[in-house]
Amino acid sequence: MTTTEFAVVGGGPAGLSAAIEAARAGVQVLLIDENERPGGQLFKQIHKFFGSKAQRAGVRGIDIGTQLLGEVEANGVQVWLNSVVWGLFSERTVGVIHERKNYSVEAAKVLLATGAMENPLAFPGWTLPGVMGGGAIQTLVNVHRVLPGKRVLMVGSGNVGLIVSYQLLQAGAEVVGVVEALPKVGGYGVHASKLRRQGVPIWTRRTIKAAEGNGKVERAITVALDEHWKEVPGTEQVLNVDVICLALGLTPLAELAWMAGCKFDYIPALGGHVPVHDADMQTTVPGIYVAGDVSGIEEASTAMEEGRLAGIAVAQSLGKLGAEEARKKKEEIYAGLEELRSGPFGEARRNAKETVHARAER
Amino acid sequence: MTLEQTGVLSREELAKLPGMPSEERMRRGPVVVIECGQEIPCNPCEALCRQGAISVGDPITNLPVLDEDKCTGCGLCIAGCPGQAIFVVDMTYSEQEATVAMPYEFLPLPEKGQVVEGLDREGRAICSGRVVKVVNPKAFDRTPVVTVAVPQDCAMSVRNIAWQKQR
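Heads up: the protein sequence lines correspond to chains G and Z, in order. If you number the first sequence the way this note's numbering does, the last residue is 362 and the count never jumps. If you number the second sequence the way this note's numbering does, the last residue is 529 and the count never jumps.
Read the hints as simulated data drawn from the structure, not as lab findings. Where hints are given, some of them may not hold.
[Unchecked claim] Here are the simulated lysine to any residue pairs, SDA-like style, with alpha carbons at most 20 Å apart:
1. 500(Z) x 63(G)
2. 150(G) x 468(Z)
3. 53(G) x 489(Z)
4. 527(Z) x 184(G)
5. 53(G) x 484(Z)
6. 53(G) x 492(Z)
7. 320(G) x 53(G)
8. 527(Z) x 53(G)
9. 500(Z) x 56(G)
10. 527(Z) x 170(G)
11. 53(G) x 421(Z)
12. 184(G) x 484(Z)
13. 53(G) x 412(Z)
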C-alpha cells in the first residue's frame with residue numbers, strides 16, 4: 001500500500017494547476033497520468049489563448065504546458081507517467097498500474113482531472129480509415145508532425161473544428177470546407193474569420209451524410225438540413241477528400257467519479273453527465289474533487305483556474321493553508337472564472353456551473 | 363448576413379465596431395483597424411498598446427475601443443491578438459497605394475518585394491499587391507507580421523495574401 005496526501009488523476013491543465021497550488025502550500029502530491037508526457041491537450045494547442053493576462057492570454061497552449069511542467073517540478077510534485085488509474089474505491093484508494101505493477105494508493109484527497117472524450121457521429125462509411133476526431137488530428141499534426149491526408153472536410157464549427165482546420169492549413173493540408181448542422185457558426189467569429197480569409201467555406205445547416213471509398217475515405221457526401229433537422233433531398237454534394245474530421249463536442253470522462261459513487265447531474269451546456277461539485281470543486285463524496293472538463297466541458301483556461309481552486313481547497317482542508325489565505329486566493333480565482341464565463345459564449349456555462357454548485361449545497 | 367452566420371464581418375457590422383478608425387483619421391497616416399466583433403473574454407490588446415490607444419476595461423468582454431488620436435499605427439498589437447483580428451492600414455503610403463499590415467502564420471513567409479494577390483475576408487483575390495515588409499521578432503511569438511502595398515480602394519478589404527509557392 002502506497003500513501004499520499006493528495007492524488008491527482010490526470011496531468012492536463014486542471015491536474016497540473018491543482019498539483020502546483022497544493023504542493024506550493026506544502027501538500028505531498030502524487031500526479032498520475034497515463035501518457036508518456038503530462039500536459040493533457042495543452043501540447044496540441046499551438047495557438048495563442050484568449051482571456052486576460054492573469055490567465056496567460058496571448059500565450060500558446062504548448063508554452064503554457066511547458067511553464068506548468070516547470071512549476072510542477074520546482075514544487076516537488078511526484079509524477080507517475082505511463083500509469084493508468086483503473087479504479088477508485090472506498091476511502092479514496094486509487095488503483096494504479098505503474099511500471100507494470102499494480103498499486104493501491106491510499107490518498108487523503110483525490111482530484112479527478114481526467115478530461116473528456118470526443119463525441120462520435122455514426123453515418124454510412126464512418127468506420128473507413130480517414131474518418132477521425134479533431135483530437136487525433138491535433139496529435140498527429142501538432143505533436144508528431146504527420147499530416148493525416150491532403151484534403152479534409154471538417155464536420156463541426158465549434159472552436160475545436162475551427163482551430164483544427166486552421167492548424168491543418170498551417171501544416172499544408174487543404175481544408176475543402178466546414179459543415180455545421182446549426183444555422184450559425186458555433187465557435188468564435190475570429191477563428192471563423194481566420195479560416196474564411198484563407199478561402200475555406202463554412203456551410204451552415206449542412207452535415208455529413210456518408211463517407212465513401214475503396215478501403216479508405218475517398219469522398220464525402222454532405223447534405224443540407226431543413227429547420228427540423230431533416231435532410232433536404234437533392235441537396236447532396238460530393239467532395240473529394242481523404243480525411244473527414246469530426247469535431248462535434250466533448251463528453252466528460254467521468255468513469256472514476258461514477259465508480260466512487262459521486263452524484264451526477266445531466267447538464268447539456270456542460271457536455272452531459274457531470275459530477276455534482278461545490279465551489280471548492282469537491283464532489284458529493286467527501287475528499288474527492290473534480291476540475292477541468294470532467295466537471296463540465298469548458299476551455300483550458302477555465303480548467304487551469306478550477307484546478308487551482310481544487311488545489312487550494314485541498315491544501316486548506318489538510319490544514320496546510322489558513323482559512324483567510326485560502327479565502328483570498330479563492331476569491332481571486334472566482335473573479336477570474338467569472339470573467340472567463342462572461343459574454344454570450346460563456347453565459348450558458350456560467351449558469352450551468354451555478355446550477356451544479358447549488359445542487360451540491362442542497 | 364452576419365459574422366455569426368458566415369464567419370465574416372459584414373460591411374454593416376464592421377462600420378459599427380468601436381475599433382474602427384474614422385475616414386478622416388485614416389487620411390492622416392497609419393492606424394490600427396480592430397476587427398473584433400464578439401464579446402468574448404479577452405484583453406491582451408489593451409496591455410500591448412504602449413500609447414494607451416486600445417481600451418477594453420471591465421467587463422473583459424467589452425469590445426476593444428480605439429482612441430484613434432492616440433494610435434500611432436506602430437502595429438505592436440497585431441501579433442498579440444489571439445484572434446488575429448488586428449490590422450494596421452496606412453492610406454498615406456503613396457499617391458495610389460495604401461499598405462495593410464496583417465498577421466501571417468504560414469510558411470513559407472513571403473519576402474520583401476514579393477508580388478502577391480490581395481485576398482479579401484472571404485479569401486477571394488481582389489487585387490495585386492506587393493510585400494513591403496516582413497517582421498518576425500521574438501516578441502511576436504511566432505506570429506510574423508506582413509505588410510503589403512495594395513491599391514488604396516482595396517485597403518479596407520485586403521486581409522490576406524496568396525502567391526504561387528514553390529514547395
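Going down the list of hints, with the structure as the test:
For the given pair, residue 500(Z) sits about 14 Å from residue 63(G) by alpha-carbon distance, which is consistent with the 20 Å threshold. For the suggested pair residue 150(G) and residue 468(Z), the alpha carbons sit about 17 Å apart, so the restraint of at most 20 Å is met. A C-alpha spacing of about 38 Å is found between residue 53(G) and residue 489(Z), which places the hinted pair above 20 Å, so the restraint is violated. A threshold of 20 Å between alpha carbons decides the hint, and for residue 527(Z) with residue 184(G) the separation of about 34 Å lies outside it, so the pair is violated.
Pair hint residue 53(G) plus residue 484(Z) does not hold up; C-alpha atoms about 31 Å apart against a cutoff of 20 Å. With a CA separation close to 35 Å, the supplied pair residue 53(G) and residue 492(Z) exceeds the 20 Å bound. A threshold of 20 Å between alpha carbons decides the hint, and for residue 320(G) with residue 53(G) the separation of about 28 Å lies outside it, so the pair is violated. Our distance criterion of 20 Å between C-alpha atoms is broken by residue 527(Z) and residue 53(G), whose separation comes to about 37 Å.
For the hint pairing residue 500(Z) with residue 56(G), the CA-to-CA distance comes to about 17 Å; that is within 20 Å, so the pair holds. Between residue 527(Z) and residue 170(G), the direct Cα distance comes to roughly 14 Å. Compliance with the 20 Å bound is thereby established for this hinted pair. Only pairs whose Cα atoms come within 20 Å are accepted, and residue 53(G) paired with residue 421(Z) is accepted, the gap being roughly 14 Å. For the proposed pair residue 184(G) and residue 484(Z), the alpha carbon gap of about 17 Å is at most 20 Å, so the pair holds.
For the given pair, residue 53(G) sits about 16 Å from residue 412(Z) by alpha-carbon distance, which is consistent with the 20 Å threshold.
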